[in-house]
Every structure is written in structure tokens, then in C-alpha cells.
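Peer 1: Sequence:
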Amino acid sequence: MSAERPRLIVAITGASGALYGVRLLEHVRALRSVETHLLLSAAGVLTAYQELGRRRSDLEALADVVHNVNDIGASIASGSFETLGMVVAPCSMKTLASIAHGLADNLIARAADVCLKERRRLVLLPREAPLNLAHIRNMEAVTLMGGVIFPPVPAFYARPRTLEEMVDQTVARVLDLFGITHGLARRWSGLGNAP
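Every position in the sequence shown, counted from 1, becomes a number in the numbering used here once 11 is added.
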């Protein structure tokens, strides 16, 4: 990659679970080894405020570069812009559908489309329950195109003591998918002595 630091695109959309995107940005920023490019949907901004009390400016301050979701001509809209790939955390069903059907109707969907066409890593953290058949088929479509569907399911075997620890376990797994070195979560070393 020609950039001084590898780049990672992060999108926060309107599904519940804004904390996943926020913690991802916080941890990558602390590593200082990866340049983050942030996209916020309007619903993502509203949800982050509702769930975390964080304003748009608070979220933007966590990223190295911020792109307007309507700027379809931004650097990240081109395959010639080198990145490790993209994470959508959380991923709304609307965004999932847009990506699954190649609509590229905003910069989030376009950047995801670029990752898929360039065979770069695309990781979506869909947040919805229960799922209907359209959701499942859209997840299948993205998977068949090479994307990774990563529902943020808690890993209770890690015995998280706080909400942040539970979220960080998921964030650690996402960072692993991009080969980003971290010390964020304890790794599984097998079962101890069972009773």
C-alpha cells in the first residue's frame, strides 16, 4: 500500500449498536498504525446521540479523515484509493440491502461496492432481530460477493464484566479480520479443567 499508514474505512449507520463503531474508532486511533476514514449516515448520527449522548462532532473527532455521505466523488469512491477495506458497524438493514443490491446510492454503499469489486475486505456488523427473509437473503448475497457478515454476538465464554468489554471482544475479532495487530482482548487458549 502506497499510503504512509494503511487505511481503513469505517461507517456508522442507523442500526442500534453505535458503540461498536465508536469503540472500533477509539481503539484504532490508540494504535496509531492505521488511518481511519469515517462515514456517518444521518440515522447513524441520531442513533449515536440517542444511545451514547455523542454528537456528530464527537464521532468525527475519532477519525483521521471524515467524508460526507453524499460526496459520491470522494477519494474512497474509487478503487485506485488503496485501503485495507471497510467496516460498517453497526450495519442497518437499509445499508445491507443497498450493498447487497449494488445500489451505490450514497458514499457508504459506494465505498462498500468498491471494496467488493476490488476484492478487499468488507465486514458488516448487522444489528436486527428477528431477521426476515429479505435480511437473510441480503446477507447471503453479500457473503457470495466476498463480504463478511459479522453479527455482533457476545462471546460470553470470555466472561466480560462490562458492556465495553463485551463490545471490545467483537471489535478485537473485527481487527483480526483486517490483520491489525492489537492487544485488545484475551485470546482463547482452550478449556481449563472442567468440573
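It is worth saying that the hints were derived from the structure and are not from the lab.
Heads up, a few of these hints could be off.
To be verified - What follows is a set of in silico ranges between Cβ atoms, one per label pair, in the way DEER data are often shown:
(1) LEU114 - ASN143: 41 to 51 angstroms
(2) ALA169 - ASP75: 23 to 33 angstroms
(3) LEU144 - LEU174: 24 to 34 angstroms
(4) THR173 - ARG67: 24 to 34 angstroms
(5) GLN61 - GLU37: 31 to 41 angstroms
(6) SER200 - VAL164: 39 to 49 angstroms
This structure is a prediction, so every number in the text was calculated from the model and none was measured.
Glycine residues also receive a C-beta, built at the ideal position from the N, C-alpha and C atoms.
Peer 1: Which numbered hints turn out to be false for this structure?
Peer 2: Hint check: 1, 5, 6 fail, others pass.
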